[in-house]
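J.: These are the residues of each chain, in order.
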Amino acid sequence: MKIRSRSKGPSPRGPDRARTDRRGFLKAAATALGAGAVAGTPAGFVRRARAGEKNPFPDAKQVKTVCTHCSVGCGVIAEVQNGVWVRQEMDLTHPISRGGLCCKGASLRDFAMSEKRLRFPLKLVDGRWQKISWEKALDEIADRLLKIRKESGPDSVFWMGSAKMSNEQCYLFRKMAAMWGTNNVDHQARV
Amino acid sequence: MTNHLNDIRNARAIIMFGSNAAEAHPVAMQHILAAKEKNAAPLIVVDPRFTRTAAKADVYVRLRSGTDVALVMGLVREIVRNGWHDRDFIDKRTFGFEEVMKVADHYTPEEVQRITGVEPALLKRVARLLADNRPGTLIWCMGGTQHSHGNNITRSYCILQLVLGNMGKAGGGANVIRGHDNVQGATDMCILSNSLPGYYGLSDGAFKHWAQVWKVDFEWLKGRFDLAYDKKQHNKKGFTMARWYEGVLQPKEKIDQRDNIRALFYWGIAMESQSQMHRVKKALEKLELLVLVDPFVPSAAVVPDRKNGTYLLPASTQFENEGSVTATARQLQWRYPVLEPQYDSRPDHWIMFELTKRLGFGQEFAKNIKKWPDDCLEEWRSGLQTIGYTGQTVERLKRQRDNAHTFDLVTLRANGGPCDGEYYGLPWPCWTTDHPGTPILYDMSKPVMEGGLPFRARFGTEYKGRPLLAAKGVTMPGSRADGGYPEFKGVVKGTNWKTDLSDKTFRAALSKGMAPFGNARARMYVWTFPDPVPIHREPIQTPRPDLLADYPTYPDKKLQYRVDTAFASAQKADTSKSYPLILTTGRIVQHMGGGAETRANRWLSELAPEMYAEVNPRTANDYGLMDGDWIWVESPQKGRIKVKVKVTLRVDPYTIFLPYHFGGVFEGVSRIDRFPEGTAPYVVGESGNVVTNYGYDVVTQMQETKTGLCQIRKA
Chain A
5 MKIRSRSKGP SPRGPDRART DRRGFLKAAA TALGAGAVAG TPAGFVRRAR
55 AGEKNPFPDA KQVKTVCTHC SVGCGVIAEV QNGVWVRQEM DLTHPISRGG
105 LCCKGASLRD FAMSEKRLRF PLKLVDGRWQ KISWEKALDE IADRLLKIRK
155 ESGPDSVFWM GSAKMSNEQC YLFRKMAAMW GTNNVDHQAR V
Chain B
-6 MTNHLNDIRN ARAIIMFGSN AAEAHPVAMQ HILAAKEKNA APLIVVDPRF
44 TRTAAKADVY VRLRSGTDVA LVMGLVREIV RNGWHDRDFI DKRTFGFEEV
94 MKVADHYTPE EVQRITGVEP ALLKRVARLL ADNRPGTLIW CMGGTQHSHG
144 NNITRSYCIL QLVLGNMGKA GGGANVIRGH DNVQGATDMC ILSNSLPGYY
194 GLSDGAFKHW AQVWKVDFEW LKGRFDLAYD KKQHNKKGFT MARWYEGVLQ
244 PKEKIDQRDN IRALFYWGIA MESQSQMHRV KKALEKLELL VLVDPFVPSA
294 AVVPDRKNGT YLLPASTQFE NEGSVTATAR QLQWRYPVLE PQYDSRPDHW
344 IMFELTKRLG FGQEFAKNIK KWPDDCLEEW RSGLQTIGYT GQTVERLKRQ
394 RDNAHTFDLV TLRANGGPCD GEYYGLPWPC WTTDHPGTPI LYDMSKPVME
444 GGLPFRARFG TEYKGRPLLA AKGVTMPGSR ADGGYPEFKG VVKGTNWKTD
494 LSDKTFRAAL SKGMAPFGNA RARMYVWTFP DPVPIHREPI QTPRPDLLAD
544 YPTYPDKKLQ YRVDTAFASA QKADTSKSYP LILTTGRIVQ HMGGGAETRA
594 NRWLSELAPE MYAEVNPRTA NDYGLMDGDW IWVESPQKGR IKVKVKVTLR
644 VDPYTIFLPY HFGGVFEGVS RIDRFPEGTA PYVVGESGNV VTNYGYDVVT
694 QMQETKTGLC QIRKA
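Taken in order, these protein sequences are the chains called A and B.
First residue of the first sequence? That's 5 in our numbering, and the numbers climb one at a time after it.
First residue of the second sequence? That's -6 in our numbering, and the numbers climb one at a time after it.
Everything labelled a hint here was simulated from the structure, so no lab data went into it.
Treat the hints with care, since some could be wrong.
[As the list claims (entries may be wrong)] From the structure, some residues in chain B lie toward chain A, with a derived Cβ separation under 8 Å: (1) Pro19; (2) Lys230; (3) Leu306; (4) Leu370; (5) Met695.
[To be verified] Derived lysine-lysine pairs resembling DSS-like cross-links, with alpha carbons at most 27 Å apart: (6) Lys225/B x Lys151/A; (7) Lys300/B x Lys127/A; (8) Lys225/B x Lys135/A; (9) Lys300/B x Lys154/A; (10) Lys360/B x Lys140/A; (11) Lys151/A x Lys300/B; (12) Lys279/B x Lys140/A; (13) Lys391/B x Lys68/A.
[As the list claims (entries may be wrong)] Between beta-carbon pairs, the in silico distance windows are: (14) Ser438/B x Glu119/A: 50 to 58 Å; (15) Gly87/A x Ser663/B: 55 to 63 Å; (16) Lys140/A x Tyr192/B: 37 to 45 Å; (17) Lys391/B x Glu119/A: 28 to 36 Å; (18) Lys360/B x Gly87/A: 30 to 38 Å; (19) Asp539/B x Glu119/A: 51 to 59 Å.
C-beta: ideal position from N, C-alpha, C; glycine also.
Build out the structure end to end from the sequences listed, making use of the hints.
T.: Here is the structure:
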């Protein structure tokens, strides 16, 4: 089993702790709510570099993306250095959000880089979680599905999908259910 | 949304129903507040709860949860009786006004007050404000939809806007602000048990259309379904997210398929968002195989008591993927990849490709897709004619994202630059690769090639001898047609605008300045629905049994989405005496959905660490409760949760409010020790949806979480 090493480049946790402490973030988030997001003046969240201040991430690449929380579609600029998302910048010229972000949008970096993420496939064996390879997990799942299909038909498998996927993935998900041979497929738009 | 968020800046009035945008869609509020400030547009917030959005309102209307139809029809009646309705618009572009008025006349201000609790003077004031300040926008959210007659509620909103002549206008529209970042896209792609992608439905024609796009044989595709059980099984709607668990728990004779559901994928979804969660838990325990695909460990891995047959597969986040995402205003945006897949996670499409290979249809599944995501986008673009997901190429979407700054703040149209003339997000329908997108639906002030559109001719040309097409004179700049016309068909032999995979039909229509889907009247009378004109119906678990004689719910439904759904029989068991408080749920700004992501986020967990129940001071005093006390909340279906009391005037003395983002605790017992090592979220809490009640929409099977009953007692 290969667990991706992230030893190259700075630790994703280190620089963050140094640069945005808890109080600083809470203050910033409160600003985003009070003045930034609501009044539409993101000034409270923008921090221009002061003269003489050294940019800690001079080689960081700015990547334009879109917030993954609600459906407003706010612009987000991620700063990435050596494969690590090191900082987040306001997307001031984004036509919908104009730099505004709520506290969820402002903390996207910690969502993607979270140390709480599920790191590798796991299987529950007699009530205990055991590590398993992708290969083996997918083989076992497929075998079980094919057995169920044989005994009970394709409708005995339910495919619950997600509004958190991209359009391309959502489309594929529906296609997968159709080709498996069932309309037992749905997602959170139903509720 | 028929319009877009930025367009709210054109509104002269804003009325919001069951929408707490200040918390659920905070960044959308900037446009709402801009209209309030710059246009002096009155902001009217209708909600049982005094939300943070209500705090910004000029007029706050507190109604009893689930009584929107009565209030809205009362407004319609008031507007029409005063002659404030848009006669010209109604005569020429709508259908069924007479039927609407027959219903609306019943909702006198006094009757509205009896049902909703809203004073007649306030009702009249709101009607006057809407009439005097046009165009006005109407916004709603889950507060309007999560009801057993939610389809009636949302249609009543549209009727109000039609009567005011506010549809198809900048600053107007019927605007639902949707939930998750790509819930609009996921709906358009139809991860739904009642349709194939693009709302084509489940008819043989729909399967033939997609078989053609997928380049597979129709008979093969149909043969994948359980035709031995029923030769029409592929045409039959599946179970829904709201009630899939009945497919596990009910005896198999009671469900409309060969056998029970034995295996389930929970792929990027939270059990916390489903009502009757204690029943969901039981079903999760009974399944033979449970596969959870998620970047974080969802509660479904720890709350159900399972020992085996459970897999956790780490999906990458969307920041580790590249592709398009559709915002609430039908706008597609490109997401560039920020990171490589983290840890040993895999993007969702990789998992699908690998799984389908092992399931024996990998070749058919991936036939046209070599390059990710370009080939996949090209494939959906070639088959989504119905909604005009056809002109949005990868190249155009990237160009827009790179030049987002060139779009006008109010119109969202690019002013010069490489995207000149396009609307931001190429909002659908974007018919062809040179169409700019449609920012405002049904806006006839612009040519079709500049984003104009009439109402769609979807239901033929007439109904019982009355015309369904728009009246003479209803036309748009550059159109060759004067008045209504049906949908285009036969441009390419044997096809119509929905099934012609070339863009010939679209181009034929556009070259004449006409819409491919025709020019018709908006139906206010929907003869295909249980209530053709929306009427008020009491929630299944009503706090007002005295109103049941006048406003009962529907008869029970047989095999609705494969299982019987109780309406009248569930309502008959009056539970309002033992469960005297109204239960409603909603969002808070710090968390999202079931909270698996946000509760594993150190900043957000610190901002909102605890589950709680909002209780009015009067209720708290009557029950002997103080802020911070623990209580048990119990539902008539015996779901129960132990939560802390938050004493607040946001709710009235009859109502308990619960946020629904928490999980990981069940009936007072934390399950945090069951998380795989290192994956437990920073905070856990009881799930509000354990106590939301039984009740489902008669058309969509949407769960009735916004109006239920409960009892509370000190823990």
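J.: Next step is simple, just say for each hint if it's right about the structure.
T.: Against the structure, the hints come out as follows:
1. Pro19: At about 4 Å, which falls below the 8 Å cut-off, the nearest Cβ of chain A leaves the hint on Pro19/B intact, so it holds.
2. Lys230: With a closest approach of 6 Å, the Lys230/B hint holds.
3. Leu306: With a closest approach of 5 Å, the Leu306/B hint holds.
4. Leu370: At about 6 Å, which falls below the 8 Å cut-off, the nearest Cβ of chain A leaves the hint on Leu370/B intact, so it holds.
5. Met695: With Cβ-Cβ at 6 Å, under 8 Å, it holds.
6. Lys225/B x Lys151/A: Given pair Lys225/B, Lys151/A holds - Cα atoms ~23 Å apart, limit 27 Å.
7. Lys300/B x Lys127/A: holds (10 Å)
8. Lys225/B x Lys135/A: violated (42 Å)
9. Lys300/B x Lys154/A: Holds, because 24 Å separates the two Cα atoms, which is no more than 27 Å.
10. Lys360/B x Lys140/A: holds (25 Å)
11. Lys151/A x Lys300/B: Measuring from Cα to Cα gives roughly 20 Å; hence the hint holds.
12. Lys279/B x Lys140/A: holds (24 Å)
13. Lys391/B x Lys68/A: OK: Lys391/B and Lys68/A at ~10 Å, within 27 Å.
14. Ser438/B x Glu119/A: 50 to 58 Å: For Ser438/B and Glu119/A the Cβ distance comes to about 53 Å; the hint holds.
15. Gly87/A x Ser663/B: 55 to 63 Å: Check failed, 36 Å falls outside 55 to 63 Å.
16. Lys140/A x Tyr192/B: 37 to 45 Å: holds (39 Å)
17. Lys391/B x Glu119/A: 28 to 36 Å: holds (32 Å)
18. Lys360/B x Gly87/A: 30 to 38 Å: holds (33 Å)
19. Asp539/B x Glu119/A: 51 to 59 Å: For Asp539/B and Glu119/A the Cβ distance comes to about 56 Å; the hint holds.
Hint compliance for this structure: hints 8, 15 are not met, and every other hint is.
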